[in-house]
Amino acid sequence: MPINVLMPALSPTMEKGNLAKWLKKEGDAVKSGDVLAEIETDKATMEVEAIDEGVLAKILVPEGTADVPVNDLIALIAAEGEDPGSVQAPSGGAAQAEAPTEAPKAEASPAAQNTTPGGGHMSYERVNEAPGGAKPAAKGNEAAQAAPAGGRVFASPLARRIAKQEGIDLSGIQGSGPHGRVIERDVRAAAANGTGKAAAPKAAEAPAGTVAAAPPLAPKAAAAGAAGLSLDQVRGFYDKGAYEEVPLDGMRKTIAKRLTEAMQVAPHFYLTVDCELDALMKLREQLNSSAGKDKDGKPLFKLSVNDFVIKAMGLALMRVPAANAVWAEDRILRFNNAEVGVAVAIDGGLFTPVIRKADQKTLSTISNEMKDFAARARAKKLKPEEYQGGVTSVSNLGMFGIKHFTAVINPPQSTILAVGAGEKRVVVKGDAPAVVQVMTCTLSCDHRVLDGALGAELIAAFKSLIENPMGMLV
Amino acid sequence: MPDTYDVLIIGAGPGGYVTAIRSAQLGFKTAVVDREHLGGICLNWGCIPTKALLRSAEIYHYMQHAADYGLSAEKVGFDAAAIVKRSRGVSGRLNGGVGMLLKKNKVDVIWGEAAIDSAAKGNQPGQVTVKETKRAEAPKGAKGAGTYQAKHIIVATGARPRAIPGIEPDKKQIWTYYEAMVPEKMPKSLLVMGSGAIGIEFASFYRTMGAEVTVVELLPQILPVEDAEIAGLARKRFEKQGIKILTGAKVTKVEKGSDSVTATVEAGDGKSQQITAEKLISAVGVVGNIENLGLEKLGVKIDRGIVVTDGLGRTNVPGVYAIGDVAGPPMLAHKAEHEGVICIETIKGLHTHPMDKGKIPGCTYCQPQIASVGLTEAKAKEQGFSVKVGRFPFAGNGKAIALGEPDGLIKTIFDAQTGQLLGAHMVGAEVTELIQGYVVAMTLETTEEELMHTVFPHPTLSEMMHESVLDAYGRVIHT
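Going down the list, the protein sequences come from chains S and R. Residue numbers 1 to 474, in our numbering, belong to the letters of the first sequence in order. Residue numbers 1 to 479, in our numbering, belong to the letters of the second sequence in order.
Worth double-checking, as some hints may not be accurate.
[Claimed, not checked] Once the Cα atoms are required to be at most 25 Å apart in a straight line, the calculated BS3-like pairs of lysine-lysine come out as:
1) K51(R) to K185(R)
2) K121(R) to K240(S)
3) K348(R) to K240(S)
[Claimed, not checked] Residues from chain R that face chain S, not an exhaustive set, calculated with beta carbons under 8 Å:
4) Q420
5) L444
6) E445
7) T446
8) E449
9) E450
These aren't lab readings, by the way, just hints derived from the structure by calculation. Nothing here was measured: the structure is a model prediction, and the numbers come from that model. C-beta atoms are modelled at their ideal positions from N, C-alpha and C, and glycine is treated no differently.
Assemble the whole structure, with the sequences as input and the hints as a guide.
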C-alpha cells in the first residue's frame, strides 16, 4: 500500500502553504530523513522529510504551486515491494486522502499522521526556529501524552466559547486550571493582553491534531509576546535570596504596558543623522549672553541645546505635514499644530510633558516652559493634560554621554527623536579633515504612518534647522 | 523548651479542624487549640444541631398531614426535651468524631484560650500562649495551658452572634441561637429579629412546633442575600403557614416582662406597633472573634472587624494567617473549610488560587428549603450582564408531585453572551441537596450547552434543574 505524503502544518494556525520545490523526482528512492520538498509560508521555509523507505512514486502537486491546503495529499511513496508504476492517486481529490481503513489505527487521520512527531509518516524541520525555543510548552506535552492521536487542548466549556467569540487560539494559551486546563481567567487574560489571537480564527476548529500535537512553538512565542515569562518562571532562573522583589507602582505599570504595546503594535524603523552643532552653539551663546535680567538680576532665559531640538522638531513637523500625524485604528489623524513631547527622567520612571505649538513658540518660551515642566515632573505635579497627546517626542541622553541610541515610540505618537551627546569629531570637509561639533540623532518612526522617505524628509528638515539655526528665530 | 509545631491553628471549628487534618496530610507537625468544643459552633451550636431539630419538625409536620398520604396517625404530639436531647446527641456524636479524626491524623489538641505572642521571624518560630479555660472540660489526651511555638499560626476563631445595643441577649427572654437550640419547653409565641438563614430556620422550626411566630426584617426582603423572586415565593409559603412577616421594619425598643418581651417595631412608613411574645430571638448576624488574640499588638491589619488577608489566608504579618469567619463573609462553614485548605496548601508551597467567592453555595433549611449559588438576577443585571433566565416550577415535575411537594421553583441565570451559568436559585423540597449539581457545573465553567447535554435521571427532582436550563433558552418541555 502506498504511503501518503501530506502537506504539513508549520504552525498551529497555518492553513495553507506554497510548494516551493521538489528535491526528489518521481522514481527516486527515498529513505527516512531524506528531504522530499521545500514548503514556504509567509513566515518561513521548511523541509518535508520522509520517514519511511520506498520510492517516490507520484508527485501530485507540482513545485511552484501556491496555497496548498494543509493535509492535502502532495505525493505518494511506494513502499518496499510495491510497484511504483502501479501506484495511483486516490480519486475524489486530495483532501479526502484518508487511507482505506485496512489498518485504521495505524493510519489514523491525516492530521494525526502529519503532525505526530515520529509517529506519523513524515516530519519536517523548521528552518527558522526561534533561538532556545525548541522546548514544547508543558501543556502541549500533556495534551499530546493524554491524547496522542487527537492532541486535544483541555479547556473549560466557557473558556472554549469565549475563545471562539474573541477569536483566540486556545492552543496558544497556558492553562492555569487543574492539569493545565485552560479556564475562563486564562482566556480573559489573553483577550485583555491581546495574546493568543489566532492568525486565522478557524484554528480552534481545525482538525484537532493540527492544533496541539504540532510543536507549540509559534503559540508559545505568541503567548510570550505581551505576558512574557510568568513570575514563577522568572524566579526559577535565580537563587532565592539573590534578589529583592520590588512591587510595581502605577508609573512602572503604565510604562511597561504602553511601551510593550508600542513595540508590538507600532512597526518601528529607525533613521540616524549626524547634525553639526557649531552654528547652533555660537547662536546659543549669543542669545544667552544677550538675555535680559529680571529684578533679581537673574537672566530671563538660558537656552539649552535641547530647547533648540524641541523647536526644530516643531518646525520640522510643520514643514513636513504628512509626518505631523498619528495612527488611529482605521485612519490617520493629521495635525495643524506641532506638539512635541519631551521625556523627563524622574526617580523611578519618566514623564513626557508636551510643548504645544512648539513651532510657534519662541526659544525662550520653550526653554522656560521646559524648566517648569521638568521641575513639576520631578515633584509628580504634572496634570494629565500636560503630558497627554503630542505627535512626537524628544528623548535626550546626551548629558549621560550617550552617543547614539534608539527610542521606543510613546503611543499614540508616531515618532520619537533620540538625541545623543554633542561632541567634537573629525569629519571630512571639502576633502580635508575638519573638527566640528556633531550630535547624532535617531528618529524612530511608526511605519503605519510614516514610510521611510517621509521619515527621511522629516529628519532632514530637522537636521537643516539644527545646522542653520537662524531659521528658528524667524 | 516549649513544644514546637510547623502549624498551629487557633480554633477547632469546621475551618480549623479541616485545616489541621489537611496540614497533617501535607506532613506538617500540627496542633489545634480550642477553648470550648471540637467542631466549633457549626457542629455544636449551629449547622448540625439545628438540622436535627428541623428534622424533628419535618417529621412532626408529616405526621400531622399523614392523611394526605393515606396514613393515619393519632394523638400526634412531641416531647420538647426529647427533641433537644436528640439534637444534642447528634452534636455529641460528631464532636467525638472530630476528636477521633484529629487523633488519627496525629494532630495535637491543645485546650484553652490562645493568644499570639509573636510571629515567626527568620528561623525563630512564632509563639502562642494558651491559658486555662473554664468554659468546657478538655477532651481526653489534649494538652493544657502553656507556651507553644509554631512556624505558621492560623487564626480560625470563628464568629459569635451580633448583639444590638438595648436588645442584648439575656439567655432568658432574649435568646441567641444558643438558647434557641435548647428550649426547656416550646414557647407559645416568638419574635424573631433578622430573617437571614439563622432567623428563618428558627422561625420555621418553632412555627411547625406550634408557636405564633413574627419575623422582623430591616430590609425590604426576607432572606436578603437570596434572589428576590425566590425570597418572595418563600415568604408566601411562610405566611401561608401562619408566620407573620414584617419587612422594612426595625425593633426599636424591647421591654422585658416577667415571662414575656414587648418589642416596639417601627415600619418603614413611620408607624410603630407593639408586639408581645414569650421569647425574642436575636438573629441579626454574627461578628468575627478577633479579640484577645494578640492581633493588634502584632500589627495584623483588621478592617471593620475582619482580619485582612490576601485571599490565600496570609495576613500582612508573615507567619500569621486567618481563615473562615474571622477572614470575612460569607460566614459559612464550607467557605471556612475551603479557605483553610487553600491557606495550608499555600503554606506548603502548592499552586493555589484564591477562592472564587462567587461560587459558594448557600442553603437555608426552613420549610420550604432554599438553596442558591452565584449571582441573583438583580445582581447579574447590576453587574451589566445581559441575562437569560430560566424557571421551572415543582408543579411540573413528576417526582415532586409524587412526594406531595408541588410548591417550589428552580431558577437559573445565564449570561446571554457567553452562556456562562451565573447563578442558580431554588426554593422547595430537598433543594439543599440539589444545588451542588449547579455548583459543580459552575466550577467546571459550564455553559448552557453542557447542562442541556447532561442526562438527568428520571424520576427525580433534579430533572427540574435540566428543565430550568432549557427554559432559559426557550426549550422547556414540561410547562
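Hint check results:
no., hint, in the structure
1, K51(R) to K185(R), "18 Å, holds"
2, K121(R) to K240(S), "17 Å, holds"
3, K348(R) to K240(S), "16 Å, holds"
4, Q420, "5 Å, holds"
5, L444, "6 Å, holds"
6, E445, "3 Å, holds"
7, T446, "6 Å, holds"
8, E449, "7 Å, holds"
9, E450, "5 Å, holds"
The structure shown violates none of the earlier numbered hints.
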